[in-house]
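Trainee: In order, the protein sequences belong to chains A and D. Residue 153 in the working numbering sits at position 153 of the first sequence; the count goes up by one each step and never skips. Residue 200 in the working numbering sits at position 22 of the second sequence; the count goes up by one each step and never skips.
Read the hints as simulated data drawn from the structure, not as lab findings. You may find that some hints are simply not true.
Under the rule of at most 27 angstroms between Cα atoms (straight-line distance), these lysine-lysine pairs were calculated in the BS3-like manner [stated by the list, open to error]:
1. D:LYS376 - D:LYS411
2. D:LYS472 - D:LYS485
3. A:LYS124 - A:LYS137
4. D:LYS450 - A:LYS88
5. A:LYS137 - A:LYS151
6. D:LYS472 - A:LYS28
7. D:LYS392 - D:LYS403
8. D:LYS431 - D:LYS410
9. D:LYS185 - A:LYS151
10. D:LYS376 - D:LYS428
11. D:LYS342 - D:LYS450
12. A:LYS20 - D:LYS485
13. D:LYS411 - A:LYS151
14. A:LYS165 - A:LYS80
15. D:LYS531 - A:LYS20
16. D:LYS403 - D:LYS480
17. D:LYS185 - A:LYS165
18. A:LYS139 - D:LYS185
19. A:LYS20 - A:LYS80
20. A:LYS86 - D:LYS410
21. A:LYS139 - D:LYS450
22. A:LYS151 - D:LYS366
23. A:LYS139 - D:LYS186
24. A:LYS151 - A:LYS139
25. D:LYS418 - A:LYS86
26. A:LYS165 - D:LYS186
27. D:LYS411 - D:LYS342
28. A:LYS28 - D:LYS185
29. D:LYS185 - A:LYS20
30. D:LYS392 - D:LYS342
31. D:LYS186 - A:LYS20
32. D:LYS373 - D:LYS384
33. A:LYS20 - A:LYS88
34. D:LYS472 - D:LYS411
35. A:LYS86 - D:LYS376
Since the structure is predicted, the reported quantities are computational estimates derived from the model, not experimental observations.
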Amino acid sequence: MTERVFIAGAGGQGVMLLGKVLATAAMKQGKSVTWLPAYGAEVRGGTANCMVIISDEEIGSPYIEEADSMIILNQPSLDKFSGILKNKGLMVLNSTLAHSDKINSAGTLQFPFTDLAVEQGNIKIANMIALGAYLAKNKVVSTDSIVETMKEMAAGRPELLEINKKALFKGVQLADGK
Amino acid sequence: MVNPKPKKILLSGNEAIAEGAIQAGCQFYAGYPITPQNELTAYMAKHMPENNRIFIQSESETAAINMVYGASAAGARAMTSSSSPGISLKQEGISYLAGAELPAVIVNIMRAGPGLGNIWPSQADYFQATRGGGHGDYRCIVLAPSSVQEAYGQMFKAFELADKYRNPVMILGDGLLGQMMEPVEIVKAEGLDAKYDKPWAVTGCKGRERNITKSFHMNEGDLEKANLILQKKYAGIQKKEQDWEEFLIKDAKIVIVAYGSMARIAKGLVRKLRQGGMRIGLIRPVTLWPFPVKAFANRKPKVSNRKFLVVEMSYGQMVEDVRLSLEGSSKVEFLGRSGGGVLTQAQILRKIKALL
Chain A
1 MTERVFIAGA
11 GGQGVMLLGK
21 VLATAAMKQG
31 KSVTWLPAYG
41 AEVRGGTANC
51 MVIISDEEIG
61 SPYIEEADSM
71 IILNQPSLDK
81 FSGILKNKGL
91 MVLNSTLAHS
101 DKINSAGTLQ
111 FPFTDLAVEQ
121 GNIKIANMIA
131 LGAYLAKNKV
141 VSTDSIVETM
151 KEMAAGRPEL
161 LEINKKALFK
171 GVQLADGK
Chain D
179 MVNPKPKKIL
189 LSGNEAIAEG
199 AIQAGCQFYA
209 GYPITPQNEL
219 TAYMAKHMPE
229 NNRIFIQSES
239 ETAAINMVYG
249 ASAAGARAMT
259 SSSSPGISLK
269 QEGISYLAGA
279 ELPAVIVNIM
289 RAGPGLGNIW
299 PSQADYFQAT
309 RGGGHGDYRC
319 IVLAPSSVQE
329 AYGQMFKAFE
339 LADKYRNPVM
349 ILGDGLLGQM
359 MEPVEIVKAE
369 GLDAKYDKPW
379 AVTGCKGRER
389 NITKSFHMNE
399 GDLEKANLIL
409 QKKYAGIQKK
419 EQDWEEFLIK
429 DAKIVIVAYG
439 SMARIAKGLV
449 RKLRQGGMRI
459 GLIRPVTLWP
469 FPVKAFANRK
479 PKVSNRKFLV
489 VEMSYGQMVE
499 DVRLSLEGSS
509 KVEFLGRSGG
519 GVLTQAQILR
529 KIKALL
């Protein structure tokens with residue numbers, strides 16, 4: 001099993017963190033993982049992205065030439081990167097900030113992650129709602145392992161852990177209900 | 179002493195190099211920020227003082243390498259790090275370290291050049307690292323990690339080799355390896371530097387003859403003598419320290435030769451092509467100087483017309499060492515890309531198909 005996930009959005013939407021949470025949780029389950037950020041000067045205003053590979057085997061290239069799944073949080077990222085998604089790959093799209101006529105396939109999950117995050121009281125958790133939606137469709141990593149990772153990352157900040165956990169399971173519930 | 183249950187944590191290559199240096203007993207770090215190695219300097223800034231070691235953000239790259247010279251002369255395990263343009267600025271200091279036979283570890287997380295270039299991955303500093311870079315007849319030992327775990331582990335080896343041979347050791351990584359994160363098993367080590375006494379160190383000469391560390395020899399014949407001592411040392415290193423990895427080369431019609439992050443990309447491709455029955459293998463030099471000549475020379479392959487394909491993020495640098503090592507016994511092809519672009523598996527595959 002090898003899962004290549006391409007995660008992109010605007011600088012500040014938490015796409016790097018999303019990738020790190022996913023990669024760390026996969027590592028905790030004994031998987032090989034790589035996390036590769038785009039580290040250019042484009043983090044403000046333009047797009048930010050990272051590539052996460054999760055595998056049962058040793059990972060060669062950390063670059064994703066063809067993605068199995070994508071989590072896309074804004075329009076510029078969709079325009080720039082959607083071409084690398086493989087045929088019948090999973091697209092998880094933030095419909096608050098991105099629209100496309102071309103991607104209404106069975107493999108597309110569209111939810112207004114940013115609107116939902118605002119409803120929950122913190123715009124910053126749109127990334128974790130998206131992660132939850134992704135994991136509901138692709139169980140490459142367990143939500144238990146994600147929560148374990150969140151606990152470590154939010155050590156000493158119980159309110160952060162609570163809101164991120166809530167966001168994760170909101171995403172799972174959304175995608176499962178569909 | 180090795181921790182019985184090593185803990186795995188997710189680290190970037192830059193962070194792993196820094197943590198490896200601390201575990202390997204690095205007592206002194208001086209550096210100046212530059213992308214894509216900044217996480218290394220930042221990690222040292224936070225963790226060196228916590229461990230009662232010295233961290234200095236110097237006023238320039240030149241200052242940093244000369245501070246390393248001073249710390250090393252005083253007997254400390256000392257290092258600096260930078261990326262390509264900054265490493266160019268350190269060359270004078272590296273030549274002085276080599277001339278004075280002082281141990282030091284220098285990390286180069288390569289970015290694309292020449293000049294200021296850009297911040298993306300490159301392997302175009304191979305010539306600079308393996309041929310000297312600074313002036314005079316000297317060599318640095320050069321190690322090239324291919325994964326984050328290996329980058330961590332090579333820091334132990336780098337300090338060990340530096341002390342053993344009283345010579346600068348360079349870790350040659352690139353922006354891809356520096357920025358990517360992978361799980362790393364952290365091994366706690368103790369008592370490493372006790373292994374190498376440094377009776378030559380400048381530690382205050384009360385009650386003994388004074389020690390002098392220098393690369394300046396004005397009396398007639400002195401420099402030649404000093405240089406011959408260096409050459410003898412280098413010959414010993416070439417004999418003993420060559421290191422490389424072989425992957426599925428026994429029946430390979432084409433052997434890819436690549437180092438560092440290019441090697442892991444190539445290895446993944448070899449694994450994929452083997453599943454489809456293609457006879458492709460990989461040789462990965464781990465030491466770039468001494469170059470692993472033994473991996474190539476005097477080995478008669480069972481496969482006739484075996485070709486070597488050297489793959490680099492440069493327009494052809496290590497390929498010269500492969501050609502020198504093979505001494506014309508096999509055909510050597512080259513595929514390179516430079517300027518910040520990383521060769522993809524698809525691009526390498528296209529070249530392989532053209533060769534078969």
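Trainee: Determine for every hint whether it applies to the structure shown.
Mentor: Quick rundown of the hints versus the structure:
no., hint, verdict
1, D:LYS376 - D:LYS411, "holds (17 angstroms)"
2, D:LYS472 - D:LYS485, "holds (17 angstroms)"
3, A:LYS124 - A:LYS137, "holds (22 angstroms)"
4, D:LYS450 - A:LYS88, "holds (21 angstroms)"
5, A:LYS137 - A:LYS151, "holds (23 angstroms)"
6, D:LYS472 - A:LYS28, "violated (40 angstroms)"
7, D:LYS392 - D:LYS403, "holds (14 angstroms)"
8, D:LYS431 - D:LYS410, "violated (38 angstroms)"
9, D:LYS185 - A:LYS151, "holds (17 angstroms)"
10, D:LYS376 - D:LYS428, "violated (44 angstroms)"
11, D:LYS342 - D:LYS450, "violated (40 angstroms)"
12, A:LYS20 - D:LYS485, "violated (41 angstroms)"
13, D:LYS411 - A:LYS151, "violated (53 angstroms)"
14, A:LYS165 - A:LYS80, "violated (30 angstroms)"
15, D:LYS531 - A:LYS20, "violated (37 angstroms)"
16, D:LYS403 - D:LYS480, "violated (46 angstroms)"
17, D:LYS185 - A:LYS165, "holds (25 angstroms)"
18, A:LYS139 - D:LYS185, "holds (25 angstroms)"
19, A:LYS20 - A:LYS80, "holds (22 angstroms)"
20, A:LYS86 - D:LYS410, "violated (56 angstroms)"
21, A:LYS139 - D:LYS450, "holds (25 angstroms)"
22, A:LYS151 - D:LYS366, "holds (25 angstroms)"
23, A:LYS139 - D:LYS186, "holds (22 angstroms)"
24, A:LYS151 - A:LYS139, "holds (20 angstroms)"
25, D:LYS418 - A:LYS86, "violated (48 angstroms)"
26, A:LYS165 - D:LYS186, "holds (24 angstroms)"
27, D:LYS411 - D:LYS342, "holds (11 angstroms)"
28, A:LYS28 - D:LYS185, "holds (11 angstroms)"
29, D:LYS185 - A:LYS20, "holds (18 angstroms)"
30, D:LYS392 - D:LYS342, "holds (19 angstroms)"
31, D:LYS186 - A:LYS20, "holds (15 angstroms)"
32, D:LYS373 - D:LYS384, "holds (24 angstroms)"
33, A:LYS20 - A:LYS88, "holds (25 angstroms)"
34, D:LYS472 - D:LYS411, "holds (19 angstroms)"
35, A:LYS86 - D:LYS376, "violated (59 angstroms)"
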